[in-house]
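Enquirer: Assemble the whole structure, with the sequences as input and the hints as a guide.
Number of protein chains: 2
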Amino acid sequence: MFNHAVIGLGGMGTWHVENIQKKVPRLHVKGAFDIRKEAMDKTERLGIKAYASLEEILNDPEIDLVTIAIPNDMHKDTAIRCLRAGKNVVCEKPVTLNSAELEEIIAVQKETGKLFSVHQNRRWDRDFLIVKEAKKQGLLGDIKLLESKVQGSRGSLEGWRGHKLNGGGMLLDWGIHLLDQVMQLDPGKVVKVDAHLLKVFSDEVDDNIKLALLFDDGMSAILEMTTMCLINTYRWHVQGTGGTLLIKDWKCNGELWQLKPDAEMTWDEDIVYTDAGPTRTMAPRPKYTMNQLDLPDVRGDWSDYYNNVLDVLEGKAELIVKPAQTLRVMNVIDLLFKSAEEGHGFACCI
Amino acid sequence: MFNHAVIGLGGMGTWHVENIQKKVPRLHVKGAFDIRKEAMDKTERLGIKAYASLEEILNDPEIDLVTIAIPNDMHKDTAIRCLRAGKNVVCEKPVTLNSAELEEIIAVQKETGKLFSVHQNRRWDRDFLIVKEAKKQGLLGDIKLLESKVQGSRGSLEGWRGHKLNGGGMLLDWGIHLLDQVMQLDPGKVVKVDAHLLKVFSDEVDDNIKLALLFDDGMSAILEMTTMCLINTYRWHVQGTGGTLLIKDWKCNGELWQLKPDAEMTWDEDIVYTDAGPTRTMAPRPKYTMNQLDLPDVRGDWSDYYNNVLDVLEGKAELIVKPAQTLRVMNVIDLLFKSAEEGHGFACCI
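Note that the protein sequences, when read in sequence, are chains A and B. So in this note's numbering, spot 311 of the first sequence is number 311, and the numbers just go up one at a time. So in this note's numbering, spot 115 of the second sequence is number 115, and the numbers just go up one at a time.
Everything labelled a hint here was simulated from the structure, so no lab data went into it. Accuracy of the hints is not assured; some may be wrong.
Now the stretches of chain B that chain A is said to cover, found in silico as 3 or more residues with beta-carbon under 8 Å [unchecked claim]:
| no. | region |
| --- | --- |
| 1 | 120 to 131 |
| 2 | 276 to 287 |
A few chain A residues that don't get close to chain B, going by computed Cβ distances all over 12 Å [claimed, not checked]:
| no. | residue |
| --- | --- |
| 3 | T78 |
| 4 | K135 |
| 5 | R328 |
Quick caveat, the model's predicted, so the values are computed rather than measured. Backbone N, C-alpha and C define an ideal beta-carbon position, used for all residues, glycine too.
Expert: Okay, here's the thing in structure tokens:
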């Protein structure tokens, strides 16, 4: 049994407490601290100790692990302070506002030998796990064109998400998840990036964005995050040389079709006529040349995140969400911001 | 009544003859020439004169207008020859292999004062006209995120389309249509381009591609052309600040939803829980905050292309597909090829 404290008891901090209590029996949430008095009122309902200060947590020798869920601009200093106090640290995402800040944390992590991991919880989202499993099983052949989209319609981003100073904006909020996922999927290097970071509802932060990544194995990834979508299309569309996968929504409704091994490239209705002309290249393929498969039956279990952290502390496992992986994602994010600022994309090798 | 001859009697040349005969009564297809004997056999069935050479067409004083439908690498020299012979010229797309070649044609067009127009027939495709009309009527507010896709599954490109020398490849074949359409939709300048030009089934030409364009009014456009798609998604997805438009297929099945004027940004089911975490930003909007509209009822009439050309010859109209517009598209294409070769995107002002 490990003892745990949560630093920052806002929406996500509270979510950590409740879900650890429900799903991670090996981890005991001893208490929490938030500088906002109104947030601390929740400790009673949660049945945890109300620490009077961050210092009190750091001085509590029983605390093995802390989770940092405070505004993003405070992650760096707080994480370093916790590591230096001998605590193992889980940090909410975006881990920092840029890769330089993260490098400072990683230096202290190495110096102290303590554990540091970012809560990239969406590696345990079922939609992502299905894509990962389909790739692992080779169901799609070589994956060449991938799209990952999250589509909302609330217009401007809420609260701190709307402020640059707090590390707001869509790229740092959702982009970091979608980038982490796609960089987990493809083992290759990112060799080209470009970003359309639109500020549609804000003068301060990007709220509607498209990211374009090319990998050294030739996979193209386009990521979309929107807050003005009234007709959602899909969460994932993945095209490989041997099959296509579609996941429509968070509930993972979707389809997977494979080319039959002997599938022909010509067929009876060979040309499709549109209003203004014919096309042979884009004529729809008849169903009899394809096989439909069920989506891989994978379940996500978010508690694996904390269980892995605890296994690492017990010396029984390798860390899943590694600082080096997080740094790679932050390096891509730095370059995406730069591409938006300077008005052109970049070659890279990340 | 104008007299017309077709140069090149392959698939598209024959299509021009048949469709002019059916739909453009003011234009009389007098004859055609093709260097391939087997292609010339079609003239009898088509009821048109079999010219013995290109020269014979150029020397026929009755011919007012020629349509060039020969391999793309021969467009430039042939177009210039026809213009110099005093003929008005319609040229198939891609008009040339790059903008420098097109500039040569345009110089001769200006010198001779003859008409030169590219057969960008997909400006008359109904799916495009619906998007154009929705924009014109302001049904979507300010359009910010646009996707235009054509999805096939034939693998490698057929015939000349597979050869670089003949101006093959997806960017020149379909890219030129989708670029022309989106540059017609947005009156602004293209300020940033990037391309993923994958060669999945060929060592020679791009066959599966993504193009990313940013316009100076802040519109982001992503264009997809694929030959390995077993689950087609849609032809258009257009998100504006006030509405979203989806066109699924060539038959123009689709939807259009608008935000109600007083639509709220919060609602009862405020948070959606995925397997690995909550999201408020991406929670689905309830239908009662939106209105569904019919897609604009627009019909495309391809014969308007030739009728416009004839009206211009009669001094009654302005040319619709202008050389300057075509040059703008070719300038973008040049830069997209360059971005793929050099491995990074570009800022521009086209």
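Enquirer: Give a verdict on every hint.
Expert: Quick rundown of the hints versus the structure:
no.: 1; hint: 120 to 131; verdict: holds (count 7)
no.: 2; hint: 276 to 287; verdict: holds (count 10)
no.: 3; hint: T78; verdict: 21 Å, holds
no.: 4; hint: K135; verdict: 15 Å, holds
no.: 5; hint: R328; verdict: 19 Å, holds
Every hint, counting from the list given before, is met by this structure.
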